[in-house]
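Note that the protein sequences, when read in sequence, are chains Y and B. The opening residue of the first sequence carries number 1 in this note's numbering; numbering runs sequentially from there. The opening residue of the second sequence carries number 1119 in this note's numbering; numbering runs sequentially from there.
Some hints here could point you the wrong way.
Reference listing, derived: stretches of chain B covered by chain Y, where coverage requires no fewer than 3 residues with Cβ under 8 angstroms from a Cβ of chain Y [as the list claims (entries may be wrong)]:
#: 1; segment: 1160-1170
#: 2; segment: 1179-1189
#: 3; segment: 1209-1217
Derived by calculation from the structure, the hints in this document are not laboratory data. For glycine and all other residues, C-beta sits at the position ideal for the given N, C-alpha and C.
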Amino acid sequence: MRCGVFLCECGGNISDVLDLDSLADSARGQDGVVSISRNQFMCGTEGRRMIEQAVEERGLDRIVIGACSRRFQGPTFERIARELRLGENAVAFGNLREGCSFIHRDQPDKAQLKAEKIVSAAVARARFQSDLPRGRTFLHRSALVVGGGIAGIAAAEELSGAGIDVHLVEREQSLGGYMARLSKTFPTEDCAMCSLAPQLTGAALDPRIHVRTLTDVTEISGPPGEFRVKLRQRPRFVSEACVGCDDCTPACPVSVSSEFDLGVAKRKAISRPFANAVPSLYAIDKRGSSPCKSACPAGTSAQGYVALVVEGRFDEAYRVASGPNPFPSVCGRICTHPCESACARAEVDQPLAIAALKRFVADRVGPETVLEKVPVIHSEKVAIIGAGPAGLSCARDLAKLGYQTTVFEALPVAGGMLKTGIPDYRLPKDVLGREIAQVTALGVELKLGQRAGKDFTIDGLLENGYSAAFLAVGLQKSSEVEIPGAELEGSERAVEFLRRLNLGKPVSVGDRVVVIGGGDVALDAARSSIRLQKTSGREPKVTLAYRRTREQMPALDEEVEQAIEEGLEIEFLVAPLEIVGKKGRVSALRLQRCKLGEPDSSGRRRPVPIEGDVTEIEADTVVFAIGQDMVCDFLEGCDGVSVEGGQIRIGRDTLMTGKAGVFAGGDAAATGGWTAIEAIAAGTRAARSIHNYLRDETLLQVWEPEAAQARPSAEELAGREVGRRIPITVLDRMERRGSWDEVVNGYSEEDAIAEASRCLACAVCSECEACVRACPAGAIELDQQETVEELAVGAIIVATGHKEFDARRKIPLGFGRFSNVVTQSQIARLLAPSGPTAGELERPSDGTVPKKIFMLQCVGSRDCTSSGNEHCSAICCLFSTLHASLIKQHYPDADITIGYTDLRAPGKAHEEYYRLVQERGVRYVRSRVGEVMEEPDKSLRVRFEDTVTGRKNEELFDLVVLAAGLEASAGTTEIAHVAGLQQGSAGFIKEYHPKLRPVDTQRPGIFVAGTAQGPKNIPDTIAQAKAAAARVVSMLSAGFVLTPAQIASSDLEQCIGCGICETVCPQGAVELSGGDSPHSIVDANSCRGCGICVAECPSGAMTLGGFSDEEILAEVMV
Amino acid sequence: MTSTAAENTQASETEDAAGAERKIIGFFCRECAYAAADATGNARVSLPTTIRSVLVPCTGRVSPLHLLSALADGADGVYVAGCLVGQCHYREGNLHALDRIEFAQALLQSVGVEPERVQMFTMSAADSPRFVEAAREMHETISNLPPLQRKCK
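The whole structure should be built from the sequences, with the hints applied where relevant.
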């Protein structure tokens, strides 16, 4: 080695503490050192010349620099070494400044000894520093700009001008960012949109700028010059056919707070933020499936019809409610309403009374509605066995698809369990009758009194003109009862009991009725018995005997409550042992008392008999409601259909039985939970499946694909006022005994609208399809899916902007609690001529123009508490001054006070503007605000101290405006994670060097611009954006770049192919090759030179350029 | 207490009396600790001269070989300083380093050497006070231990 040592005085920083001559002497003695030089500034031109000279004259092959930290001037000397053809790894560094002279000024002697060690270490290390090979990376001549605000647009424009292809990606539905929301800009009072609009148009028309909105960047990998980027574009649900006519928004019934208007206005689920949006298309905010829709077996969009009820659009609401379900009046009365159990409103107060709202709509609109008959367009005929909810729903949907259907019903009446099971006080006859009539009005043929297996066979139907059949026979008999006395007179079975009752046959009960069971059928039997009992003689009694507890009863809560009001008594934890008879009639019921034991297969705790604890109660009628079974005689003459576990076996995907063309659903086929709505859903699914079968093509989805469930966020819920459900009234209990009149009353129109208004619009767009009908261009596409795209780009600019500090964190200021406390950004929206109030300053509480206004500065900025940020947000002083100026010009009588901490006006013409606005009459008070309080009339009492005079004031204002500071946007944090960028305080992207490289990040090839890097105004943003663009241009202009020198490499001879390096590499830059003797391969472009793999390598095959074990140990062991 | 340690104690008393200054090697990662070290230097904070810094790209580069070689060659203590846990610029490099420190400590303990001669500290690049605190703490710890005796041939 021929090493030259170069010692820097650093203008006295080093030489004032260390004796460089003595240091030179000690270095001279070291093995390999052939030259020592000394300079006042080794990093300057003189120093460089010194190095050049020494290299040439002394034939040096190694350079040791004793100067400042290598983190500071390292690149300078490495470059010199490279240019002198020694290779940049020929330089070793001794940190004599930050590592010695600066920190040991008080111990010069000891510092001297340490300095000698430092230089020796560097010399020792230099011996082992060898030349590092470098490759070339091709650079894609394209860039990704993340963020479509003014920074992104300005950068894109510049890049395009330089001939670089730009992918401009924005997560909102339009370009424009924060600037698009402003009214005017300071200090010129130019209209923000007027300045921005030409830029937007430019970006839209520029063939080199490829705009993608509603898009996020989900992955960035690869080296600079060859970044591989993954983009995810969310569906707009509106196609390019949209012409922007705005016919859709009046049709949309869902209103939510507008993000573009920063919460001071609302928008519809379909919207466009502003007129010059790029692209100019509307977009639908659809967050998935609302909980009510997800919970409904038939997929009814409850949110859809509820939203339409709010607007009084009952006809449209009926269309949405009856689309998937031909029995909205019925279900509005008797459904188990799983939608209500799922309703997110329960997290605020109580779930919406969705069933009652459906009933309101169906009762109001249903009877008048004449459904359009669809002509029969297919030749195939379909037979449906059973005119219950499953069968009739299937028939209706097939009729709407253009099929001729015939429904065969064994009983002389249609309706199935809806007719024969549910008593009139729950479901009046005419209500069911009307909805059945609507089905037959579509052309469905109904053949009553036709029993399959007896009057005809299914095989016979299929041989005689029917191409498919749907078996919807239900479970028409009660389960067997096997206790002694079950056959005595007076011992009834609920299914048969209710059927006789509902078919108008004579039914009587005694005055001591006991109903065994706890489900809705038991309740139906019990409440019917209450009505059937005679009131002469002693007081009649109906008792329900249930083997578990109240909490475990499957019956609907409202049923049980109403029954108890009607006088039902309930015995819990009892099981029937024996019916005691007298002269062949029921006289008493012996019951076994139980307690709850371990859970059974349904997950409920099973009742366990208590030894010896038996009771006997008087009974003259016992009704068993403990289960239902299928009557199988329909299978006579129907080969190929098998029954398992008492149910028809079907394929889950198609609902088809083992016999081709024969389908089954509802209670008979266990397609769901034995409720009416499950049967209806099964019927509609079967219709779709039958259609696919007959057309021999999957034209319709039998099962709805799973959609992500949308629920409001905790924040959205917290903002809701707690109230309660509008009560549903019922018939007075005294009027109910002995009467079959409907017990539950429907909502009035007023109550229905009030109840519907409680809806949280969970999914925002409810798929009511009102916009689809309103759009003249046919541009609505509700089934659009998200798309994923991969790109290769050479460089990336992050311009993801900022968000406003959440002023609710400053609790004493009342933002979020008091309606007339707003932020400056919200004022910007109100003052904007194209804003929600057309530029009029309207007070939120009453829409009047505020006379007296207080503007509070530094909210959340310059704040050392835990509820704020330390930094100054740079723009707020001028922002408030601007708005004060605009308000004063528009409303000369306005009395505006700006309570400031310091008035910062550093930019060009800012101070002059501030002075001008003061002359316009805006009052500036240097102040400290204690508290903002709300008066009964919603005006605000502000308590503040004038910090100049020391006087404490308390004044009343009409409006208080907070200058909430700037923080990094949520998108900035996300892109920082994706791109591996560092964030500083308040989340702003950390630049590579705050002074010398303000638009570079730590990652080569990724740059930052605009408020994502820190608070700044528009001209500074644009300047920074152009600077970042310039960096990209200079980076990409070479066409290629050298791969880094300090990267890992593997010695193939030593490598044992263990793969540990691949596992530990944070960059994914090491891969184990395949083949018989695998070895590790380092991707020179991706390796970032951390050395983790080197330390982990068990065989010593891995080494790191510039940080090999030899180099490190030489430096340590000197 | 082993006999070796007893010998150490006796010998150290004479060493201490001679006032030999301890030697400490510090491995600092380029991203955080060395940046904090530079910031400390720029602030002209006064530090003990016992510590000599060695720059590594990431503390994950430091292996037990480096730690033990430092001790074998004359250092009385060696420490590693890197990024805060969860903020390593190379994902988990500092966690690898922590594992190796613990390994080295266990190894030292098993041969009767005080494990606190090898330590790790974490800090952010902006946290110069933390760097100073770590340096002074390490200096304090090692100064309170006798100079490390080596029996190497």
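Evaluation of the provided hints:
1. Residues of the segment 1160-1170 of chain B lying with their CB closer than 8 angstroms to a CB of chain Y number 7, which satisfies the three-residue condition for coverage.
2. Restraint check on the segment 1179-1189 of chain B versus chain Y: 7 residues with Cβ-Cβ distances below 8 angstroms, three needed, restraint holds.
3. Coverage of a stretch by a chain is defined here by at least three residues with a beta carbon nearer than 8 angstroms to that chain's beta carbons; for the segment 1209-1217 of chain B and chain Y the count is 4, and the condition holds.
Comparing the model with each numbered hint stated earlier shows that all of them hold.
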